[in-house]
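A.B. asks: Chains as they are written, first to last, in the working numbering: chain S, 209 to 522; chain G, 179 to 482; chain D, 105 to 253; chain B, 26 to 367.
Quick caveat, the hints were computed from the structure, so don't treat them as lab data. For every residue, glycine included, the Cβ atom is placed at its ideal position computed from N, Cα and C. Some hints here could point you the wrong way.
Claimed, not checked - Short, incomplete list of chain B residues facing chain S, as computed with Cβ under 10 Å:
(1) L72
(2) S75
(3) S214
(4) P349
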Amino acid sequence: MIQEKIRQKAKELLENKTVDLIIGFGEGTLPLRATPLFIRNPEEVDRLIWNSFCENNLATYLHKFSQFKVGLVVKGCDARSIIALSLEKRFKPDQLFLIGVPCQRMVDRRRVKKAVKGEILRAREQGDQIIVEGEDFKTALKRDDYLYPSCQVCTHRTPIKANVVIGDPVEERSLIEAHPEIKEFEKKSPEERWKYFEKESSRCIRCYACREACPMCYCAECFVDSPNPKWIEKGLSPSDIEFYHIVRAYHQTGRCSGCGACERACPMEIRLTYLTQKLNLDVKELFDFETGIDADALPPLSTYETEDKQEFIK
Amino acid sequence: MIGVGDGETATRITIMSHYHEFMLNMKNPYLPIPMVVKKAHVETADRMLRTLELGFLNEEDSKAFQFIPGQFCELSILGKGEAPFGIASSPTENGSLKFTINKAGTVTTALHHIEEGTEVGIRGPLGNGYPIDLFQGKNVLVIGGGFAFTTLRSLIAFFLHPENRNKVKDITVIYGARMPGLLLYKEELAEWEKRSDIKLVVTVDQGDKDWKGKVGLVPNVLEEVAPSSENTYAVICGPPIMIKFTFPKLMTLRFPNERIYTSLEKRMKCGIGKCGRCNIGHLYVCKDGPVFSYAQLEKLPKDY
Amino acid sequence: MGNGLEKNWEPKILAFLCNWCSYAGADLAGTSRIQYPPNIRVIRVPCSGRINPLFILKALQNGIDGVLVSGCHPGDCHYLSGNYIGRRKSATLKRFLEYLGFEEGRVQFSWVSAAEGEKFSQVVEEVTRDIKKLGPAERFVKNDDSGKN
Amino acid sequence: MKLKLDKKDFNPFLQSLMDEYDLFAPVQLAEGVSVYKKIDRPDEVDLSTSNPQKPAKEVFFPQSEIMFRYEKTGKQHQVTSTEGVERKRVILGARPCDIHAVSLIDHVFSGKEYTDVYYANKRNATTIIGIACDHPLSTCFCTSMNGGPFSREGSDLFLVDLGEAYLVELLTEKGMAFSQNKFLKKAESNDLNLGREIEEKASKKMDASVPVEGIEKRLDQMVESPFWEKVQEKCIGCRVCTYLCPTCHCFDIVDEALTNKGQRVRNWDSCLSSLYSLETSGHNPRSTNRERTRQRIMHKFNYFPKNFDRIACVGCGRCILYCPANFDIRQTIKEIQKGGDK
Numbered sequence: 209m210i211q212e213k214i215r216q217k218a219k220e221l222l223e224n225k226t227v228d229l230i231i232g233f234g235e236g237t238l239p240l241r242a243t244p245l246f247i248r249n250p251e252e253v254d255r256l257i258w259n260s261f262c263e264n265n266l267a268t269y270l271h272k273f274s275q276f277k278v279g280l281v282v283k284g285c286d287a288r289s290i291i292a293l294s295l296e297k298r299f300k301p302d303q304l305f306l307i308g309v310p311c312q313r314m315v316d317r318r319r320v321k322k323a324v325k326g327e328i329l330r331a332r333e334q335g336d337q338i339i340v341e342g343e344d345f346k347t348a349l350k351r352d353d354y355l356y357p358s359c360q361v362c363t364h365r366t367p368i369k370a371n372v373v374i375g376d377p378v379e380e381r382s383l384i385e386a387h388p389e390i391k392e393f394e395k396k397s398p399e400e401r402w403k404y405f406e407k408e409s410s411r412c413i414r415c416y417a418c419r420e421a422c423p424m425c426y427c428a429e430c431f432v433d434s435p436n437p438k439w440i441e442k443g444l445s446p447s448d449i450e451f452y453h454i455v456r457a458y459h460q461t462g463r464c465s466g467c468g469a470c471e472r473a474c475p476m477e478i479r480l481t482y483l484t485q486k487l488n489l490d491v492k493e494l495f496d497f498e499t500g501i502d503a504d505a506l507p508p509l510s511t512y513e514t515e516d517k518q519e520f521i522k
Numbered sequence: 179m180i181g182v183g184d185g186e187t188a189t190r191i192t193i194m195s196h197y198h199e200f201m202l203n204m205k206n207p208y209l210p211i212p213m214v215v216k217k218a219h220v221e222t223a224d225r226m227l228r229t230l231e232l233g234f235l236n237e238e239d240s241k242a243f244q245f246i247p248g249q250f251c252e253l254s255i256l257g258k259g260e261a262p263f264g265i266a267s268s269p270t271e272n273g274s275l276k277f278t279i280n281k282a283g284t285v286t287t288a289l290h291h292i293e294e295g296t297e298v299g300i301r302g303p304l305g306n307g308y309p310i311d312l313f314q315g316k317n318v319l320v321i322g323g324g325f326a327f328t329t330l331r332s333l334i335a336f337f338l339h340p341e342n343r344n345k346v347k348d349i350t351v352i353y354g355a356r357m358p359g360l361l362l363y364k365e366e367l368a369e370w371e372k373r374s375d376i377k378l379v380v381t382v383d384q385g386d387k388d389w390k391g392k393v394g395l396v397p398n399v400l401e402e403v404a405p406s407s408e409n410t411y412a413v414i415c416g417p418p419i420m421i422k423f424t425f426p427k428l429m430t431l432r433f434p435n436e437r438i439y440t441s442l443e444k445r446m447k448c449g450i451g452k453c454g455r456c457n458i459g460h461l462y463v464c465k466d467g468p469v470f471s472y473a474q475l476e477k478l479p480k481d482y
Numbered sequence: 105m106g107n108g109l110e111k112n113w114e115p116k117i118l119a120f121l122c123n124w125c126s127y128a129g130a131d132l133a134g135t136s137r138i139q140y141p142p143n144i145r146v147i148r149v150p151c152s153g154r155i156n157p158l159f160i161l162k163a164l165q166n167g168i169d170g171v172l173v174s175g176c177h178p179g180d181c182h183y184l185s186g187n188y189i190g191r192r193k194s195a196t197l198k199r200f201l202e203y204l205g206f207e208e209g210r211v212q213f214s215w216v217s218a219a220e221g222e223k224f225s226q227v228v229e230e231v232t233r234d235i236k237k238l239g240p241a242e243r244f245v246k247n248d249d250s251g252k253n
Numbered sequence: 026m027k028l029k030l031d032k033k034d035f036n037p038f039l040q041s042l043m044d045e046y047d048l049f050a051p052v053q054l055a056e057g058v059s060v061y062k063k064i065d066r067p068d069e070v071d072l073s074t075s076n077p078q079k080p081a082k083e084v085f086f087p088q089s090e091i092m093f094r095y096e097k098t099g100k101q102h103q104v105t106s107t108e109g110v111e112r113k114r115v116i117l118g119a120r121p122c123d124i125h126a127v128s129l130i131d132h133v134f135s136g137k138e139y140t141d142v143y144y145a146n147k148r149n150a151t152t153i154i155g156i157a158c159d160h161p162l163s164t165c166f167c168t169s170m171n172g173g174p175f176s177r178e179g180s181d182l183f184l185v186d187l188g189e190a191y192l193v194e195l196l197t198e199k200g201m202a203f204s205q206n207k208f209l210k211k212a213e214s215n216d217l218n219l220g221r222e223i224e225e226k227a228s229k230k231m232d233a234s235v236p237v238e239g240i241e242k243r244l245d246q247m248v249e250s251p252f253w254e255k256v257q258e259k260c261i262g263c264r265v266c267t268y269l270c271p272t273c274h275c276f277d278i279v280d281e282a283l284t285n286k287g288q289r290v291r292n293w294d295s296c297l298s299s300l301y302s303l304e305t306s307g308h309n310p311r312s313t314n315r316e317r318t319r320q321r322i323m324h325k326f327n328y329f330p331k332n333f334d335r336i337a338c339v340g341c342g343r344c345i346l347y348c349p350a351n352f353d354i355r356q357t358i359k360e361i362q363k364g365g366d367k
């Protein structure tokens with residue numbers, strides 16, 4: 209069982225001081241939730257768990273522990289974020305020990321809640337089913353019908369460059385045919401697409417959970433906070449909110465591992481991955497680049513080829 | 179809890195609504211008082227400090243504006259924003275107010291560029307100011323460093339005014355700056371040095387060829403001057419580094435914490451204790467300060 | 105098409121011209137008395153690689169009807185690789201903006217060398233014609249205090 | 026005074042309110058996402074969720090609010106304040122916890138010397154129609170924070186959902202203004218009994234298990250404790266918990282300038298933002314996430330009690346439900362009460 213192996217590995221790493229702390233997942237305080245857990249002494253490793261609700265991208269915590277040697281439990285997408293971060297020199301090479309877990313695709317807690325009438329008080333996994341219980345109901349749901357959008361289209365569930373991979377690799381899908389949602393969206397007219405983007409971002413309350421949950425968003429001063437030049441105001445003007453979402457997504461071009469942590473963090477359930485996944489598809493098509501696969505390939509926007517496509521230039 | 183499940187008997191309706199138990203002052207505290215820049219001049223050689231003299235546009239605002247040294251105002255430039263500045267002029271001076279602005283951010287840069295005759299806004303007087311009544315009949319030791327000297331100038335000028343001079347015994351002032359060119363209010367310092375009823379020691383960390391005054395760091399000068407802490411209140415304002423080394427000297431001179439006051443700076447927005455930003459522990463620097471005694475600060479978290 | 109198409113509506117187009125080639129090309133068009141539509145407002149930039157998506161979005165947000173970014177031909181860049189980097193940014197940004205719903209043609213890119221005064225006027229004519237077809241910009245334009253209550 | 030409103034008359038009743046008042050009520054923006062909004066048609070109202078994402082405080086203290094507009098001509102400028110409220114307002118469907126929170130914010134925004142007139146005008150002009158919680162969530166702990174699913178504290182009218190109709194209690198003079206509304210009929214005794222039954226059932230479901238007794242004293246000793254270093258670890262420093270919290274009242278004031286005119290605006294702000302106390306000199310008294318997460322907890326459970334001797338938390342559970350890292354304030358409170366060293 210993966211959980212058991214994570215605990216043994218964590219205990220071993222802590223005992224022989226390979227790492228100062230382990231960042232993994234622990235039991236959440238709500239049904240259908242796990243919570244990031246920070247373990248420093250070996251006795252506490254039994255608090256580490258692994259299930260289908262380990263949805264946070266733990267790489268976003270690394271900036272807090274820059275002077276420590278950190279053991280990190282990583283899914284496929286988290287491992288890719290770390291490769292992208294190492295390309296941007298965000299930590300010293302030997303500072304991390306990645307405990308890779310081949311990911312079974314994470315379950316969307318919100319879709320599960322909406323599938324039942326009444327509050328879910330207890331939930332557990334059983335085989336490929338999620339058993340949820342409320343005050344007056346008990347239902348079994350098929351796990352694969354309630355996966356996060358980013359997990360459904362995930363193409364790298366097995367961590368690529370982890371120090372150790374716990375459990376056997378899982379089958380993968382290729383990038384291009386894996387994005388029905390993007391293909392569907394592109395068929396719409398520009399007006400419809402803008403209306404959808406406008407409607408989604410109109411719910412934004414500018415809490416920046418999407419920015420803080422993303423490991424790639426680590427700028428000391430984000431462009432939204434820059435007073436000089438002041439790009440956008442701090443209020444809820446729809447145009448400023450759209451400005452923020454366009455640029456936040458665009459800043460992930462060739463850097464986003466498609467983990468979907470931004471979308472999961474949003475309290476107003478705004479769709480965001482359909483923006484970043486489009487950029488990932490474009491980058492693959494234009495520059496044959498996938499984030500976090502090859503630790504030596506420079507991110508696409510920081511390099512060039514003399515023969516890059518330029519049919520769009522007059 | 180009222181009227182919880184009490185059957186059909188109609189509860190006797192006495193309550194207007196729950197909000198009516200609160201005291202309200204419906205004058206909008208966020209609207210700036212219109213002022214005009216009467217005079218503006220750069221104080222220091224590095225051109226980073228500029229003193230503005232603001233005059234009231236409306237007579238009744240001028241009369242209503244009663245303040246004591248140590249209070250501050252939120253200076254407002256429409257389109258740029260607001261920022262808090264200590265009032266450098268003393269209440270005893272005529273109707274206009276003086277502020278010395280250190281060029282640092284959006285609002286201060288705008289304040290450095292506005293010409294005389296331009297309208298600005300102020301909100302105030304805000305904050306508690308120095309405990310003038312506590313100083314009655316006591317000696318006052320004023321220690322200032324760099325551009326934190328603004329509200330201290332207000333305090334000194336207040337007590338040097340004929341009506342107030344006899345309210346306190348001796349006044350000792352130690353004012354230091356990094357270089358002679360960075361000293362504020364040079365003419366006034368020269369006048370004060372000539373007076374017999376104030377002991378003024380102006381020092382610089384580093385002199386230059388035509389500096390004839392004292393050279394030395396404020397903490398060492400304090401040790402030299404060694405004013406007696408007997409029946410004396412100390413007021414100390416300056417950069418953290420100066421306070422860090424001067425405070426122990428006050429201890430050796432046996433100044434108790436209750437008789438050492440300082441004026442704190444913190445990021446502020448509303449200035450009236452509503453927006454929650456400038457708290458140190460449960461106190462707000464804008465409403466319960468900016469002047470605190472060290473006895474108070476001891477009991478509060480190091481959140482400044 | 106744009107609803108504000110009164111007959112004499114003239115689009116406002118912002119042109120970021122790279123200092124070494126396109127700006128010189130525009131200058132050559134002027135000195136050679138070559139006519140081109142007056143709709144463009146030129147901002148000189150050191151290189152087409154200097155263009156930050158924030159510039160383009162800020163212009164569109166302030167109600168500009170079209171944006172043109174013009175730089176040196178590949179290989180001619182004064183900074184050797186500025187236009188190559190700019191080309192990748194432009195390629196991804198153009199696709200992304202059109203994916204979001206900006207009409208195709210709102211933001212356009214071109215290479216104009218210092219000797220191509222003629223080409224510069226053609227590019228400006230084409231861009232102006234495209235923008236006139238699209239009509240005034242409405243998407244993403246900010247009016248002053250929307251979003252407040 | 027206890028009346029009854031049949032559910033078939035609910036929409037006409039709302040329409041009758043809208044003729045006289047601006048009506049704010051929970052509106053569903055997307056499936057599972059709702060906020061308080063001014064409604065134009067009665068069918069926009071959605072009372073199915075226990076609490077919208079954003080609290081009822083937003084009706085009195087909007088997230089973004091113009092304080093005044095200005096026009097600059099040469100060196101002079103004209104300022105026009107926007108503090109006034111043109112039309113009477115009603116907020117319908119606020120839960121007891123949100124209403125309790127508004128009464129906490131009343132303490133901050135009122136005052137003999139300074140009153141926040143924007144808030145005060147909206148507060149005076151608004152009649153609060155509270156609605157009882159017959160299905161409290163497991164994340165609710167209002168009974169631990171001297172509130173309750175049927176607490177009428179702060180409401181002018183109070184609705185209890187009886188199934189076919191609402192029991193309507195008029196509690197204040199503002200509420201009595203509705204006594205003549207033609208859709209409100211006299212409540213029979215079986216309505217009252219049914220209302221009492223629902224009330225008992227709901228109150229039993231609540232577990233008053235969050236120990237806040239003496240938390241202020243406990244926190245006095247813990248200001249520099251290593252506990253805060255441990256607490257801040259999982260917090261990613263976003264602003265979800267403070268923006269969705271009904272008792273949070275911090276705000277930022279900024280100017281939005283166009284060429285020669287513009288406006289001064291206040292927006293919600295959050296002590297968890299790294300820029301919150303950053304001074305222009307670059308000094309930041311709360312430079313790491315430790316001080317910021319400490320500030321959020323201390324303000325609600327230590328500083329606010331010191332200033333207004335009330336705890337600034339109403340147990341609505343939003344910060345638990347919507348935290349991306351599942352930071353659970355009930356757990357934090359328990360750890361604090363155990364001395365925070367575990």
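A.B. asks: Less than 10 Å between beta-carbons is the criterion; does L72/B satisfy it with respect to chain S?
C.D. replies: Hint on L72/B: violated, closest Cβ of chain S at ~16 Å, above 10 Å.
A.B. asks: Using Cβ atoms only, decide whether S214/B comes closer than 10 Å to chain S, and label the hint accordingly.
C.D. replies: Interface hint status for S214/B: violated (29 Å vs cutoff 10 Å).
A.B. asks: S75/B was flagged as interface toward chain S. Is the shortest Cβ-Cβ separation under 10 Å?
C.D. replies: 8 Å, holds
A.B. asks: Was the hint right that P349/B lines chain S, CB cutoff 10 Å?
C.D. replies: For P349/B, the interface hint holds, since the closest Cβ of chain S sits about 4 Å away, which is under 10 Å.
The structure fails to meet hints 1 and 3 from the earlier list, while all remaining hints are met.
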